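Taken in sequence, the protein lines are chains A and B.
Just so you know, my numbering puts 816 at position 349 of the first sequence, and the rest follows in order with no gaps.
Just so you know, my numbering puts 468 at position 1 of the second sequence, and the rest follows in order with no gaps.
Careful: at least some of the hints might be erroneous.
Identical chains share a label here; the pair holds if one copy fits it or two copies do between them.
Stated by the list, open to error - Here are the simulated lysine-lysine pairs, DSS-like style, with alpha carbons at most 30 Å apart:
{"no.": "1", "residue 1": "K483", "residue 2": "K940"}
{"no.": "2", "residue 1": "K776", "residue 2": "K493"}
{"no.": "3", "residue 1": "K776", "residue 2": "K940"}
{"no.": "4", "residue 1": "K967", "residue 2": "K940"}
{"no.": "5", "residue 1": "K561", "residue 2": "K675"}
These aren't lab readings, by the way, just hints derived from the structure by calculation.
None of the values given here were measured: they were computed from a predicted structure.
Single-letter residue listing:
There are 2 protein chains.
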Amino acid sequence: MTRRARKERLKRKDAKVEQSAFRQLKNPYKPFEILSDDQLGIIHESSMEILENVGIDVQDRNARTILKDAGFDVAEGSDRVRMDRDGVMVLVDKAPSSFTVHGRNPMRSVKGGDGYVMFSAVAGPPFGADLDSGRRAGVFEDTVKFLKLTQSLNILHLQGGASIEPTDLPPETRHLDLSLACARYLDKPWKPNFIGRERSLDAIEFAKILHGTDEAGLAKNPVYYCNTNTNTPLILDREIAQGVIELAGAGQVICITPFTLAGAMTPASLAGALAMQNAEALAGCAFVQAIRPGCPFVYGSFTMAVDMKSGSPTFGTPEFAKGAAATGQLARLYGLPWRSSNACTSCAPDAQAAYETQMSLWSAITAHVSVIYQGAGWLEGGLVGSFEKLILDAEMLQMFAAWMEPFEVSPEEIGLATIAEIGPGGHFLGTAHTMERYENAFYRPLVSDWNNFENWRDAGARDAAQRANGMWKRLLDEYEQPALDPAVDEELKAFVAKRKEACGVAAA
Amino acid sequence: MTRRARKERLKRKDAKVEQSAFRQLKNPYKPFEILSDDQLGIIHESSMEILENVGIDVQDRNARTILKDAGFDVAEGSDRVRMDRDGVMVLVDKAPSSFTVHGRNPMRSVKGGDGYVMFSAVAGPPFGADLDSGRRAGVFEDTVKFLKLTQSLNILHLQGGASIEPTDLPPETRHLDLSLACARYLDKPWKPNFIGRERSLDAIEFAKILHGTDEAGLAKNPVYYCNTNTNTPLILDREIAQGVIELAGAGQVICITPFTLAGAMTPASLAGALAMQNAEALAGCAFVQAIRPGCPFVYGSFTMAVDMKSGSPTFGTPEFAKGAAATGQLARLYGLPWRSSNACTSCAPDAQAAYETQMSLWSAITAHVSVIYQGAGWLEGGLVGSFEKLILDAEMLQMFAAWMEPFEVSPEEIGLATIAEIGPGGHFLGTAHTMERYENAFYRPLVSDWNNFENWRDAGARDAAQRANGMWKRLLDEYEQPALDPAVDEELKAFVAKRKEACGVAAA
Numbered sequence: 468m469t470r471r472a473r474k475e476r477l478k479r480k481d482a483k484v485e486q487s488a489f490r491q492l493k494n495p496y497k498p499f500e501i502l503s504d505d506q507l508g509i510i511h512e513s514s515m516e517i518l519e520n521v522g523i524d525v526q527d528r529n530a531r532t533i534l535k536d537a538g539f540d541v542a543e544g545s546d547r548v549r550m551d552r553d554g555v556m557v558l559v560d561k562a563p564s565s566f567t568v569h570g571r572n573p574m575r576s577v578k579g580g581d582g583y584v585m586f587s588a589v590a591g592p593p594f595g596a597d598l599d600s601g602r603r604a605g606v607f608e609d610t611v612k613f614l615k616l617t618q619s620l621n622i623l624h625l626q627g628g629a630s631i632e633p634t635d636l637p638p639e640t641r642h643l644d645l646s647l648a649c650a651r652y653l654d655k656p657w658k659p660n661f662i663g664r665e666r667s668l669d670a671i672e673f674a675k676i677l678h679g680t681d682e683a684g685l686a687k688n689p690v691y692y693c694n695t696n697t698n699t700p701l702i703l704d705r706e707i708a709q710g711v712i713e714l715a716g717a718g719q720v721i722c723i724t725p726f727t728l729a730g731a732m733t734p735a736s737l738a739g740a741l742a743m744q745n746a747e748a749l750a751g752c753a754f755v756q757a758i759r760p761g762c763p764f765v766y767g768s769f770t771m772a773v774d775m776k777s778g779s780p781t782f783g784t785p786e787f788a789k790g791a792a793a794t795g796q797l798a799r800l801y802g803l804p805w806r807s808s809n810a811c812t813s814c815a816p817d818a819q820a821a822y823e824t825q826m827s828l829w830s831a832i833t834a835h836v837s838v839i840y841q842g843a844g845w846l847e848g849g850l851v852g853s854f855e856k857l858i859l860d861a862e863m864l865q866m867f868a869a870w871m872e873p874f875e876v877s878p879e880e881i882g883l884a885t886i887a888e889i890g891p892g893g894h895f896l897g898t899a900h901t902m903e904r905y906e907n908a909f910y911r912p913l914v915s916d917w918n919n920f921e922n923w924r925d926a927g928a929r930d931a932a933q934r935a936n937g938m939w940k941r942l943l944d945e946y947e948q949p950a951l952d953p954a955v956d957e958e959l960k961a962f963v964a965k966r967k968e969a970c971g972v973a974a975a
Numbered sequence: 468m469t470r471r472a473r474k475e476r477l478k479r480k481d482a483k484v485e486q487s488a489f490r491q492l493k494n495p496y497k498p499f500e501i502l503s504d505d506q507l508g509i510i511h512e513s514s515m516e517i518l519e520n521v522g523i524d525v526q527d528r529n530a531r532t533i534l535k536d537a538g539f540d541v542a543e544g545s546d547r548v549r550m551d552r553d554g555v556m557v558l559v560d561k562a563p564s565s566f567t568v569h570g571r572n573p574m575r576s577v578k579g580g581d582g583y584v585m586f587s588a589v590a591g592p593p594f595g596a597d598l599d600s601g602r603r604a605g606v607f608e609d610t611v612k613f614l615k616l617t618q619s620l621n622i623l624h625l626q627g628g629a630s631i632e633p634t635d636l637p638p639e640t641r642h643l644d645l646s647l648a649c650a651r652y653l654d655k656p657w658k659p660n661f662i663g664r665e666r667s668l669d670a671i672e673f674a675k676i677l678h679g680t681d682e683a684g685l686a687k688n689p690v691y692y693c694n695t696n697t698n699t700p701l702i703l704d705r706e707i708a709q710g711v712i713e714l715a716g717a718g719q720v721i722c723i724t725p726f727t728l729a730g731a732m733t734p735a736s737l738a739g740a741l742a743m744q745n746a747e748a749l750a751g752c753a754f755v756q757a758i759r760p761g762c763p764f765v766y767g768s769f770t771m772a773v774d775m776k777s778g779s780p781t782f783g784t785p786e787f788a789k790g791a792a793a794t795g796q797l798a799r800l801y802g803l804p805w806r807s808s809n810a811c812t813s814c815a816p817d818a819q820a821a822y823e824t825q826m827s828l829w830s831a832i833t834a835h836v837s838v839i840y841q842g843a844g845w846l847e848g849g850l851v852g853s854f855e856k857l858i859l860d861a862e863m864l865q866m867f868a869a870w871m872e873p874f875e876v877s878p879e880e881i882g883l884a885t886i887a888e889i890g891p892g893g894h895f896l897g898t899a900h901t902m903e904r905y906e907n908a909f910y911r912p913l914v915s916d917w918n919n920f921e922n923w924r925d926a927g928a929r930d931a932a933q934r935a936n937g938m939w940k941r942l943l944d945e946y947e948q949p950a951l952d953p954a955v956d957e958e959l960k961a962f963v964a965k966r967k968e969a970c971g972v973a974a975a
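Please model the entire structure based on the sequences and the hints provided.
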C-alpha cells in the first residue's frame, strides 16, 4: 500500500469512530519536580552504596563474564557481582538520552526520551475480561482482538506482544504464534518475548524477515521495545540475562524495570524502594552498555507499595505517584529515557480504576516519562486485560495528548479586537474569531458523554464502561488489517513452521 | 464541649469509618508551570487592555461610586467603568497572599494561599442524586444530609452552604434556614448566601451571634468564605455587587470567579478566556480592595470550554486542566490566593466522572491552588449534588493530602543497613525497619477496594460507586452533631424567626 493510500485509509477510519490522529507526542512543559537536589543526591548515593557493598546476583554465567570484562568485581564461585560507581557511571554515560523504535510502517515509528513520549497497550495479563462474558483465562482469540484494537486506536504507539496471554497455546512455541500475529495485525512496533536465548534469537530472525533487513539494519533502526525486569531485591535472573544479551547485542531498545514492591521486596519506605530501584536500573543499564555501547536503554520504574493488610501490591496510590515523579528526576540526572505504567488496583472498570489510572498518568507525564508501558487495558493489578478499560484508557491518553499540545498565546489567539467588538454582556458564539476556530479549538472526546442529563438518560443512561463496551466492538467491526507483502508473509510462516518443528511441535 | 472531649470524639469517629485525620494541608513541592514568562506577560497585558479600553459594566450605583472614588473612569449615565492598570495594580497589591477562615470550632479554622490549600464540598446544585432514588429536585432533607457528611468527612474544610439547593423552602427566607442548619450541623466554616444587601446583612448579624463577636471581631477573624462570580463578559451584577460591598466591608474572605465559558462568554481560545478571566478577577480584586483595603481576596477561576456540538459547558477536559495551571501562574504573579474546582461533565459517578475530576484536581493542586471550591459531590456539570460522588471525591482528596505529605528521604528512611542485611533474593516484610513503619508507611484508602479478584467477587463484586453508596449511609449513621451552646442556639433561632417575620413569612 502506498503512503498516500494508507493516509486515505486512516482518514476513512477517522470518519468512523472519531478519535485523535496517530502522532508523535512531546511534552512541551517544564518537568514537575518532587525531590530537592539534596534528596536526589541521597537516593543516588544510597544506590551506589548498594551496588558497591551489597552487589547484585547475576544468575547467568555469560552475563557475569560480560560484567567481569567490564571491570566489575565478580565473586569467585558465586553469582554475586559488586559494581563500583565509577564503572557504572562510565557505562551509563554511553546510553543515549532518546531512542526511536520502528514500526514496519515507517509512519508508525516513534521516539521516546528528551520529552518525547509513547504509549503502549497492556502486556502480559493471564486473564481477559469484558462486560459481556466477565473474566476468563487468556485465549489467543482475545489476544488477537487486543492486537486489532491496538492497531485501531491511534493514541497507542506500541503493543506489549500479548495484552491477554494466550494460555491456550503451547508455551514452547507461543512466542512464534505471537510474533506472526503481531506482524499481521499490527503495523506498529511491539515488545517481543525474549525470555531465554532461543526465543530471543527467534525474535531477531523474525524481525530480519519482516523488515527485510540484516543485523546491521536492525541495529541501525531498532524495531523492538524489549521490556523486562529484575527480580528484586538485587537478582538478575538467568533467562532474562540471556535475552538481554541477545537483544541488546542486536541493538534493540532495552528497558529493565526493577520489581520494587515497597514493604516486601524493598524496605517499607518510598525512599528505600527508590534507592533499590535506582541500584537495579543502573546495574541493568551498565550491563546493557557493556554488551553493546550506545544501545538504547530505558530506565524502568514500577515502584509500588504493598497493602500492609493483604501483602498484595497496590497501584495508582499516592506513593505510586510520588515514586513516578521521583523516577523522572533520577532518569534526567543520568540522561536516560524512562518508563512508567498506567496501573491501577481496581477489579472493575469503574471510578476507582479511573482515579488510580489518573494518579499513575499525571505523575508520569508531568515528570516527562518517555514510555507509558502498560498504558491501556490494565485492570486488577495487571492480572486482567480489560476491553472496556482499554477504551477508557485510550480516552485518558487522548486527553493527555491534547494537554501536551503547546499552549497558544498570542494577541490573535486571545482575540482582543473581538472582545472589544462584543463588549460587556455579549456573546461570542457567532463571531468570526469563533467561526475560524470552531472545529479544532477544543478537545473532542472518544467515549466521554457530554450530553445533558435528559439526552444521556434517553440514550440509555449508560455509564462510561458500558459505552466503552459498545466502542471496542465498533472498532473491531471497523478494523482493517494493514497490508503485508504476501512473499514476506509466506517467509514468516515458513520460519515459524520450521522453528515449531525444531521445538518438537507440529506446525499449525 | 471541651477541646479535649472534641478530640476524643474525633478519635472515636475514626474508629468507625476509617479516614485520614482533619488537618491543614500544604503543598510542599515547587508549583508546576504551563506558561512561559512571555506568555504570562501577553495574558496580563491583554487583560489590562480590556480593563482600560473596553471596561466593565458595574450594575450597582454604590459600587460605581466606590470605583469612581478609587480613581477609575466611570462613564456618565452608564454602567461602564474603565479601569487603568496602575489604579488596578495599586489596589491588587493591597490584598494579602494568604488568609484564614475560622470555624466556630477553632480546630476547624483553615488557611489558604502561600501553598496552603483547603477543600470544600460542592455548592449550589439544584438537584440531588443517589444510587437508590436517582435524581430529584433539591430538598432540605438532602441539604441537611450533605451538611452532616461535610462535617463527618475529615478531608473537607468548607461547606458551600447548600450542596443540594433546598428548593422546597421559600426563596425569600431560604438563606436563614440554611444559616441555622450550617450553624447546627457543622463546626466548620461555610459560604453564606450573600446575593443582595438584605441577605448579606443577615449573614453578618448571624455570624456575630454564632461567634459571640462584633464587627471588629469578625473582620479580625473572618468566618465566611464568600464565593461569587461575574457575569462574563465584563458585567458585575447589581445584587452580587451589593453583597460584595457588605461582606468585604465586614472583612470576610471574598472570591470573585469569572464565568469564562470559552467559545460562548469569551473568544473560542483558552488564551482568550484567560485574558477575560484575568481582567474580571483583577477588577473584582480592585473593587474589594477599594471597599476595604487588605480584605482577603481569592482570585477565582472557572475557565471551561464549550462543547462546540451542544453549546454546553464541559469540565475536567484538557482545556480545563490547562486553564487551571495557567491561573496558578497568574495568581502567583499578583501574589493572590486562588480558587479552582473539582468539576466534571459526567452524568454518573463512573469512570468518566473520576477521570474528569482527576484532570481538575491534578492541574489545580500541582499549580498550588489555595481553595478547591466545588471540591466534593459535584456531578453533571454542577447540576447535581451526588452522595456517591461525594465519597469518591473524598477518597481522591485524601489521596492528594497523602501525596502532599513531604517526601521523606534520609539514610534511615532508606534503610541501607536492612538492605545489606537482607541481600539479594531476600524479603523485607519481617524486618525491624518494616515493623517500625508497618502501620503508617503507606496510604490507607476510604472506599477503594484493594482485595484480589476472588475476595472482591465474593464480597458482591460491587463497583466503587456501589461501595460509596454504603459508605455515605454509614457516615450518616455515625454522624454526631457538634455541640452548640443552647443559649447561642436560642439566640440564632430568635434572629431567624424575627428576620423571617420581617420578610413576610411566618417563622417555622
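Consistency of the hints with the structure:
1. K483 <-> K940: within (13 Å within a copy, 44 Å between copies)
2. K776 <-> K493: Between copies only: 28 Å across chains, 40 Å inside a chain, cut-off 30 Å.
3. K776 <-> K940: between (38 Å within a copy, 25 Å between copies)
4. K967 <-> K940: For K967 and K940, the Cα distance exceeds 30 Å both inside one copy (33 Å) and across copies (60 Å).
5. K561 <-> K675: within (26 Å within a copy, 70 Å between copies)
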